[in-house]
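Protein chains in written order, with this note's numbering: chain A, 1401 to 1562; chain B, 236 to 779.
Watch out, some of these pointers could steer you wrong.
[Stated by the list, open to error] Covered stretches of chain A, going by a simulated chain B footprint (3 or more residues, C-beta under 8 Å):
# : region
1 : 1420-1433
2 : 1454-1460
3 : 1504-1517
[To be verified] Calculated from the model, a selection of chain A residues having no Cβ within reach of chain B, i.e. all distances over 10 Å:
#  : residue
4  : Val1411
5  : Ser1448
6  : Ile1472
7  : Asn1476
8  : Leu1478
9  : Gly1480
10 : Ser1482
11 : Glu1520
12 : Tyr1524
13 : Arg1552
[Stated by the list, open to error] With a cut-off of at most 30 Å between alpha-carbon atoms, the simulated DSS-like pairs for lysine-lysine come out as follows:
#  : chain 1 : residue 1 : chain 2 : residue 2
14 : B       : Lys695    : A       : Lys1446
15 : B       : Lys695    : A       : Lys1491
16 : A       : Lys1498   : B       : Lys679
17 : B       : Lys695    : B       : Lys679
18 : A       : Lys1498   : B       : Lys695
19 : B       : Lys354    : B       : Lys584
Just so you know, these hints were derived from the structure itself, not from any lab.
We put the beta carbon where it would ideally sit given N, CA and C, even for glycine.
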Amino acid sequence: MSSPSPDRLSVPPRRTKPIRPLSDSEQDTLLRIADTLIPAAGSNPKASDVPEFLPYLHLALAARADVFNAVIKAVNDLTGVSDDDLRGALKRMWAEDKFTFDPLSAIVAGAYFMTPQVKELIGYPGQHRDPAGLEDAANELETGILDPVIERGPIYVSAAGE
Amino acid sequence: MAAEENSATPVVVDVLVVGAGPSGAVVTHTAATAGLSVVCLEQGDWVNPSDFPANFPEWELLIQHDWAHDPNVRGLPSDYPVDVEDSDMWPVMFNAVGGTSIYYGAHWPRLLPSDFRVKTLDGVAEDWPISYNDLKPYHDEVDEFIGVAGVGGDTAYPEGLDYPLPPHPMGKPGVKAAQACNKLGWHWWPGTMSIASVKHKTLEQCGRWGTCEWGCPQGAKASFDLIYMPQALKAGATVLTGARVRKIVTGDDGLATGAEYINRNGEVVFQPARAVVLCANGIGTPRLLLMSANDQHPKGLANSSDLVGRNLMLHPNCTALGVYDEDLESWRGPFGQLIHSMQFYETDKTRGFVRGSKLHALPTPGPLNAIEAHRERDFDDLWGPAIHDVARSARNGILWAANTEDLPEENNRVTLSDKLFDSDGLPAPKIDYRISDNTRKLLKFTVDRMVEAHEAAGAKYVITQELWIDQPGHLLGTARMGDDPATSVVDSYGKTHDVDNLYIADGSIFVTSGSANPTCTISALALRVGRKVTENVTARKAQA
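Here chain A stands alone, though its shape is the one from the complex (with noise of 0.2 Å):
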């Protein structure tokens, strides 16, 4: 509480960009990184090939600025690393550095389940408003599905004063 007070204490502000822009060698490093961790397979495509990659990245890193320099520097030091080689240098940040990987892997992943193309082919709508039918609870219950709890009957244990 001591001043100078921010206008809302319970409130964290809502970033949508970046602390700071990222330079073009570390976007396309940490698109390399995020196309390792997340490949095409299948149906699937990899995370630089979805067409709103790139803006939901920069939202995920505003998301998580408290750990943008930390993620930008492991970024840093992978820059060099080539392709082949950039798989395996993850998963020795995986086994030795989970302070780091955790969050820059938290990022890229979240980006790429936060678009649009990418919701829609895993079946994830996001979470929405989406109240419940007049009948619904009535309809589940008129199955007879609770019927062999209530015929079992009490289960409480008396301790004299219920």
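Once you have looked at the hints, place chain B on chain A.
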């Protein structure tokens, strides 16, 4: 930063409430509607349903840090650090109007009759000074007020338990989990939740967003900023946000005279009151009592028993995530409890431990959350071509989770940290907490049962977690109630034994934890405390 004294003295209020979470909202409303003047001090501020992460596409990333459950991760201006260096678990809370109910899953089970008589029945811990029936009318009143949704007649409870609103559908995951329980011959019941299944007072109808534990964007969940506190304001109560209480002040006669708080400008303000009610949760309340030590109360206020801060109980949680072949539409909420099972709630000594656990089945919303749940897999089983199938598993999951009963132990406690301080220079609470052998056995037993439930339902595979270190935010027992001032901090009405006009109404006053999610019981106790505060303050004013 040193706070500056503010010389302007506010008027004396009848009741000063510290903390605007569930208990604070209930007490504030109870006293205000009785015609008393009430000020509620809250270190956080208001949060709108439109603020919550589920409103945004990046919600699964936002909940990893900016909206994390753990205040040490989140680090909002309203938060204070929690020193967990010597703790097996990290107590979590949310600091805002509505308190941690902003983030709770709105499971709404009452304690069972046996919970009040653990010493008598099982020879451990202590009995409560009240019984199941003593609390029942307060439960019924709170349930009616907030619009609890459920099916009456739960066989885990004595007769007479019913709810004002119709139940939520269990959905495909809930039905599948229920069918497995039937196959195993277990108790289960459609999930009882403090989420409005139809529009109710200041609550909207549930929109099944599936993000209850990260804030309800619909405004349907009974977080206490949306129910009770709005009605308290209408009745004339005042809520001061950005008001961090640093000390309860007592006079020469030993009575509480009010509280000092630090406002948004960094000024210290004294708010005088005829009675003070602490509702700052099972961590914040003992912290404040210990910070209020003075010459008359060198061990901290209301601490002649030396029990302030002791007997911390945290309900260690465990989970078993099952992934199924069929599409269960597990992105759909509510992310409360679709069903619950009390099959293993009571003591069965053949299991090798006492007391038990409450199980609940939930959906598994979000592809990134699914990936996070598979983090323990080998690299090649998650990263690379495998990731596509793991993400799809989010539609096909059922999460069985459980609270385990944590017995009170004096060495599990809250003290004041000498290493960590909040943004106003006040000492952080320090947590000393170790999980007992009894609880370890209980956790393992419960995980095994949840795996059994998944196997009975035909899960493809199951991922278990025997302890969630940063869940569930059930902060209990640190100023327990009792009839004997030598072995308890407050009486059964929350009045401290040592200070006649100082009350506690939050989870601190639990004697044992049960394994039922506690906000239901906290709210009923708060109503009972609030009624007594109102009665006593009204009587004092009449005598004056």
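Quick rundown of the hints versus the structure:
1. 1420-1433: violated (count 0)
2. 1454-1460: Held - the region 1454-1460 of chain A has 3 residues with a Cβ nearer than 8 Å to chain B, which meets the minimum of three.
3. 1504-1517: holds (count 7)
4. Val1411: Given a closest Cβ separation of 5 Å, the condition is violated.
5. Ser1448: holds (15 Å)
6. Ile1472: Answer for A:Ile1472: holds, closest chain B Cβ roughly 16 Å.
7. Asn1476: Since the minimum Cβ distance to chain B is about 21 Å, A:Asn1476 lies beyond 10 Å and the statement holds.
8. Leu1478: holds (14 Å)
9. Gly1480: holds (21 Å)
10. Ser1482: Fine: 17 Å to the nearest Cβ keeps A:Ser1482 off the interface.
11. Glu1520: holds (12 Å)
12. Tyr1524: Given that some Cβ of chain B is not farther than 10 Å from that of A:Tyr1524, nearest at about 5 Å, it is violated.
13. Arg1552: Answer for A:Arg1552: violated, closest chain B Cβ roughly 7 Å.
14. B:Lys695 - A:Lys1446: With Cα atoms ~27 Å apart, B:Lys695 and A:Lys1446 stay inside 30 Å; holds.
15. B:Lys695 - A:Lys1491: Holds, at roughly 27 Å.
16. A:Lys1498 - B:Lys679: OK: A:Lys1498 and B:Lys679 at ~27 Å, within 30 Å.
17. B:Lys695 - B:Lys679: holds (21 Å)
18. A:Lys1498 - B:Lys695: Satisfied, since the Cα-Cα distance of roughly 28 Å is no more than 30 Å.
19. B:Lys354 - B:Lys584: holds (14 Å)
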